[in-house]
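Below, each chain spelled out in residue letters.
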Amino acid sequence: MNKVVKNVEEALVGIEDGMTLMLGGFGLCGIPENSIAQLVKLGVKELTCISNNAGVDDFGLGLLLHGRQIKKMISSYVGENAEFERQMLSGELIVDLIPQGSLAERCRAGGAGIPAFFTPAGYGTEVAEGKEVREFNGKPHILEMALTADFAIVKAWKGDTEGNLIFKATARNFNPMMAMAGKITIAEVEELVPAGELNPNDIHTPGIFVQRIFKGEKFEKRIEQRTVRIKN
Amino acid sequence: MNKVVKNVEEALVGIEDGMTLMLGGFGLCGIPENSIAQLVKLGVKELTCISNNAGVDDFGLGLLLHGRQIKKMISSYVGENAEFERQMLSGELIVDLIPQGSLAERCRAGGAGIPAFFTPAGYGTEVAEGKEVREFNGKPHILEMALTADFAIVKAWKGDTEGNLIFKATARNFNPMMAMAGKITIAEVEELVPAGELNPNDIHTPGIFVQRIFKGEKFEKRIEQRTVRIKN
Amino acid sequence: MALDKIGIAKRIAQELRDGWYVNLGIGIPTLVANYIPEGIEVEFQSENGVLGMGPFPFEGEEDADLINAGKQTITVLKGAAFFDSAMSFSMIRGQHVQLTVLGAMEVSQNGDIANWKIPGKMVKGMGGAMDLVASAENIIVAMMHSNREGESKILKKCTLPLTGVGCVKKIVTELAVLEIRDNKFYLIERAPGVSVEEIVSKTEGDLVVPDFVPEMVL
Amino acid sequence: MALDKIGIAKRIAQELRDGWYVNLGIGIPTLVANYIPEGIEVEFQSENGVLGMGPFPFEGEEDADLINAGKQTITVLKGAAFFDSAMSFSMIRGQHVQLTVLGAMEVSQNGDIANWKIPGKMVKGMGGAMDLVASAENIIVAMMHSNREGESKILKKCTLPLTGVGCVKKIVTELAVLEIRDNKFYLIERAPGVSVEEIVSKTEGDLVVPDFVPEMVL
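Residue numbers (this note's numbering), protein chains in the order written: chain A, 3 to 234; chain B, 3 to 234; chain C, 836 to 1053; chain D, 836 to 1053.
I should point out that these hints are in silico values taken from the structure, not numbers from a laboratory.
Where hints are given, some of them may not hold.
[As the list claims (entries may be wrong)] Some chain A residues flagged as far from chain D (calculated, every beta-carbon gap over 12 Å):
#	residue
1	N9
2	E18
3	A39
4	G45
5	D60
6	L65
7	E87
8	L105
9	A118
10	G198
[Stated by the list, open to error] Short derived list, chain B residues pointing at chain D, Cβ under 8 Å:
#	residue
11	E87
12	A118
13	D162
14	T163
15	N166
16	M182
17	I186
18	G198
19	P202
20	I205
21	P208
22	G209
23	I210
If you're wondering where the values come from, they're calculated on a predicted model, not measured in any experiment.
Even glycine gets a Cβ: it sits at the ideal position worked out from N, Cα and C.
Input sequences plus hints: build the corresponding full structure.
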């Protein structure tokens, strides 16, 4: 089952104005850089983007914000992006802020056929407004709904022609759950290998969740906060 | 954080009559054999056992059934065990049969702090009796509750002193979710290695879920259905 | 002549489409893997945690840690993946599996299926069947038209405890291919040499029979 | 004298116990990792998907794929594990993490905490904070007693949008260690050289002051 597409152009065919996209990554770590660049090029607009962060001003989803391609962001943390804050406070951008754990679980639920689940996160806060509250074991929980997307775009370290994916270190983050929740899931990978080269025990995202896979042309992998020790 | 205990005797300290245990495995594949043998030896009774299967007559949980140590089984499939069927049909054994996917998800939920979730599995059947029904996207779902246990006993291929676990092939099955859902989780492993020898990218169950780990003395690994091709 | 198990499996195999992920139940469904049509690629998912199941191992190469949902020793093909049971049923519940083939004791004309329990007699448990039938958009049931006593298992209403409601759309038996629509069975094909009359007589549920009923081509 | 950030971190580090898994928030909480008491072992969880976080990398050894929840480059210790965000919050929500240390803009005497939003001014988002405070049994808040305008942040009632309700049990500020019980703040320790009067004057919420208030030993 060969899911390989030639390049990012071919990978993103079918993405249209007004669609809902999930994009993996935490901060700038593990984001599908090549696909984001292509989304800028395509100029698709009125997007709803589900992604933990909104990138920074000049990288990641910040690039799409800059071009006003995003109508609505569903995220947990957007603190590193001045343009984002400006668009949000001015009302140009609709923002749905979700606790990080609920965001991860709602994506997983969307992929796993669980339409809704109870979580304690957000009880008694703005996040709980309009949501059902129920006590379990004496503790109040709120009902959260699954999230899905027209396209999920993820970034993996290694992938094979069957769509199996392996992520590296903390670049895994939201990618596996989003891969599950896309009607069509696109994976851009650093290394693309023939089926059989990845150990079946080590696969993080089984290929069944991935419809298209391609080797990204280049990965800049920007670091947001370079913190180091000095060698004595 | 050294979680290593000397042997199975030390590993199972604290398991008492009337407790709820989760035991990993699918059929006889990936079951904690050494711990089951020790449970027989300890003679603890009135147990509630959560395990996908009930073993066969003379291996796996069948050994505990034989000694009437189990009061209640929570399983999805018990078809390979005559003694089980006898005890159940005679009413000596309480049996709660649960769809396999719901069983897996309920264990995960128990470990993940999700007290309840909706699933379509079992709607309109005996399994749905007494459970809340709600429609999502035009399809009826039932509300299922999380499962937890006093002790979860799992079997892994490799483990390290921090409790990190790697399972082999389909011996993974229920083990990772049960490891999450035990108040105390005990892992018996085939190979026990120092921290640092397992690749952090390849861990299936992070050590945070495991309180005690030991190298099993011997693994018989019985095969339930030996099916082979003949070489020409 | 009525089909044997292999015949049923062969007919079901014709329903496979290129690129599909398929879950095969225990028994006749398992045999379907042996008759994949030329030129298409499908991948088999087993709910105990494997994608990319291959044939049985050669003698002496069995691995106790590598089995299918029927607890049979198996092998895997290149590009396989292992995963836990929660992930496995995420695939199933999340409708990532394009086709589910499973056996049944009874099917009714509204698409209900019963295959896990005979009260007071036999209780094996539902295993993954309830998750599969509640989730799959595309279910084919492989079954015998009648039980050992000659009573039809293709019914107006199931008599046994249900596994799922209104979920079955297609049935392949030793006699016929049936589809379920509008609360009726539709006769689509008959086994080679089997008469429409025989099928009608062995079907308790309401059966719509077109003027011409083609024979299966196996 | 009031503590600096390092002093607050050092005092919080005294609360660590051998064998604990600990989640440290951004800012002062991150510093706690530098002052683990002798003879105990704790392991740090970062909600973006790592257990067994180590110190910052040496210059030139940074890996863009290895960061903490504050997006800082990190290293891992032997025995570390990586996992996805759903697994990470399973650890948090499932109460497998024994201690959570995080910052706050306001805390109220019933244990409410606000740290994610100033309406109309600043909206960074809650990140993982709502999951952490709703789940953790053991939360320590590291914060300044007052804001830049000199207004107390230790309040009868929070004025900002809440992050969680009734969840904070202990607070360490530059002036004091406070505990929350029965809808009141209890003064447990004061920073070296800081007077009880100063703490009382800077605490807007109801504060219970015992006859003797020991100084912190750092």
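Comparing the hints with the structure gives:
| no. | hint | verdict |
| --- | --- | --- |
| 1 | N9 | 23 Å, holds |
| 2 | E18 | 28 Å, holds |
| 3 | A39 | 17 Å, holds |
| 4 | G45 | 27 Å, holds |
| 5 | D60 | 16 Å, holds |
| 6 | L65 | 17 Å, holds |
| 7 | E87 | 7 Å, violated |
| 8 | L105 | 8 Å, violated |
| 9 | A118 | 16 Å, holds |
| 10 | G198 | 24 Å, holds |
| 11 | E87 | 35 Å, violated |
| 12 | A118 | 13 Å, violated |
| 13 | D162 | 6 Å, holds |
| 14 | T163 | 7 Å, holds |
| 15 | N166 | 5 Å, holds |
| 16 | M182 | 6 Å, holds |
| 17 | I186 | 12 Å, violated |
| 18 | G198 | 3 Å, holds |
| 19 | P202 | 4 Å, holds |
| 20 | I205 | 4 Å, holds |
| 21 | P208 | 4 Å, holds |
| 22 | G209 | 6 Å, holds |
| 23 | I210 | 5 Å, holds |
Figure legend: structure checked against the earlier numbered hints; hints not met, in rising order: 7, 8, 11, 12 and 17.
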